[in-house]
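Undergrad: Chains as they are written, first to last, in this note's numbering: chain A, 1 to 488; chain B, 1 to 160.
These aren't lab readings, by the way, just hints derived from the structure by calculation. This structure is a prediction, so every number in the text was calculated from the model and none was measured. Every residue gets a Cβ at the ideal spot worked out from N, C-alpha and C, and that includes glycine. There could be a bad hint or two in this list.
A partial selection of chain A residues facing chain B, derived with a Cβ cut-off under 7 Å [as the list claims (entries may be wrong)]:
no., residue
1, 146
2, 149
3, 151
4, 154
5, 158
6, 192
7, 293
8, 294
9, 295
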Amino acid sequence: MAKTLVIDPVTRIEGHGRVVIELDDDRNVTDAKLHVVEFRGYEKFIQGHPYWEAPVLMQRICGICFVSHHLGGAKALDDMIGVGPASGTCLTPTAVKMRRLGHYAQMLQSHVTSYFYLVVPEMLFGIDAAPEQRNFIGLIEANPGLVKRVVRLRKWGQEVIEAVFGRRMHGVSSVPGGVNKSLTAADVDRFLHGEDGLSSIDEVIDDAQLGLQMFYDFHEEHRGQVDGFANVSALNMCLVDEDGNVDYYDGRLRVVDEDKKLVREFDYRDYLDHFSEGVEKWTYMKFPFLTDLGRDAGSVRVGPLARLNVTRALSTPIAAEALERFHAYTGGRANNMTLHTNWARTIEIIHAAEVVKDLLNDPDLQKDDLVVSPGADAWIGEGVGVVEAPRGTLLHHYRADREGNVTFANLIVATTQNNQVLNRTVRSVAEDYLGGQAEVTEGMMNAIEVGIRAYDPCLSCATHALGQMPLTVTVVDAQGRVVDERAR
Amino acid sequence: MSARAEPHRVPVELLDDPTSLIYGIGNSGRQDDGLGWAFIDRLEQIRPLPRAHLRRTYQLSLEDADLISRYTRVLFVDATKDPAVESFTVSRPEPKLDFSFTSHAISVPSILATTQQCFEHVPDAYLLAIRGYEWELQEGLTSPAQHNLSHSLEFLLTPR
């Protein structure tokens, strides 16, 4: 009998969703989809609020990548008040560097969360291990020493975020035209040299390399599984600097193909000239694609794997060396191996730590020239902000009326950009692990989740939900009857 | 107060000490979810325990295992939706790893267990859970939640 398999909820991702897998009478996969069934609310919710509230309110979409939303929103507001390329007015160096410092600290902290909390348990215990073991609690019991180092690494990132943004979560420091605080000499000193209970930056850089070594060790032992898992094609996109290398805070959007040939590079403010969004009645999450290429050929991958596919170099020494090995592995072609996203993530953990060290040694961080105020006549009333969030390219676009109240808001978050490639991944894993099998096992179900978790998707962000939503895997037969369903 | 049992007594005289932490958990932007923070606000205003450390957090995360390992005793203060709690309740959580664990939030027993396993020290822990009623994206406690907050403070600070 043909079947549909449903995974609901998909665990250990931010927010929730539902996977439905359809099997024919021979148990071959005929379709597989990731559904997101939550109402999107924030783009409407923000309308009518004063424009300057946007970065503070919109970051409440998420308790994990709130820094990215705060900065994406702040950059859009810079545009709105007339600070940016259109006016020729720039932020002060201190403002830009403070924002960058907070941004890279979040990259470190968020990637550490994703990798060590959600991925490493699977690497240590195996995809087939009992669910009671293959989680972070299992890791705490198996290796408390490792967990202690991870906790201190995350704590360090969190402390920098609090010092930069004024709060542990949902910061308030980025304002239209700059920031409202710089870093004190005491803060710089304790982050560089550490204090009781807080690592020094050199200890952080040492600990940041733990993840990469763990990936190398795991890859060495499980090369076939890692390389063969959900090898799916897509274009790759990220922000780049003038040399075409990834810039996590600013730049132009660059898209490359599987041969790393340039497909497109453009000012992100012109995104509507390049992107369209497809919709499906079975999910609230849209499908962005490059309009002229169409949805199938024009969908992009964003995030760690995409960024390291696009960039030719990284600006810091340890990460640059790791990047060379990463690039050499695919012989110059783009890397489409889904589980290599975790490899890319570990390189970005190191890069973020190294960049933070460079910034902490920059005296501009302690200066007091924080904001530029171009005056009421410079008001544009529309702005677009893009940053490379830990999960990928994040875009905020606002318009406001003459009174300064928001009349329009559009968010394109990384998980939405990845929607098409996420669905390709689910399909690929379903075909490889479930296709033709007489029985659906727990390990097979978890393989689907492993594919999804590689993207570290944030479905709350993707649907702009007010609050979290729960994710369910379902098997349906050719007649549409649910014949197996798992919710963990 | 809980309908089910008399709350545990919190040794206030021991809490007024630099090795004690009173930790308010919640989100003041979501109505009664701000009860934990409001409790800390009140303590800061009336200063009945001037030597205790006061902190706020949105939700517990693994870094808190490191934080609480540095204290002798910790009073966690959080809002509860539990309809069996009429006003507030005080319990003595024990270290226990459980499956509430996500990257977003961890339970008090899991944090205590993580502290025990990774940092080899567990503080003397109390959990004050104050009943809340509304959780929408809006600032300010509801009137009954404010009443419960006052009631719990009075209970905590009354010598017995």
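Undergrad: All the hints need checking, so say for each whether the structure fits it.
TA: Taking the hints in turn, this is what the structure says about them:
no.	hint	result
1	146	9 Å, violated
2	149	9 Å, violated
3	151	5 Å, holds
4	154	6 Å, holds
5	158	6 Å, holds
6	192	20 Å, violated
7	293	35 Å, violated
8	294	36 Å, violated
9	295	32 Å, violated
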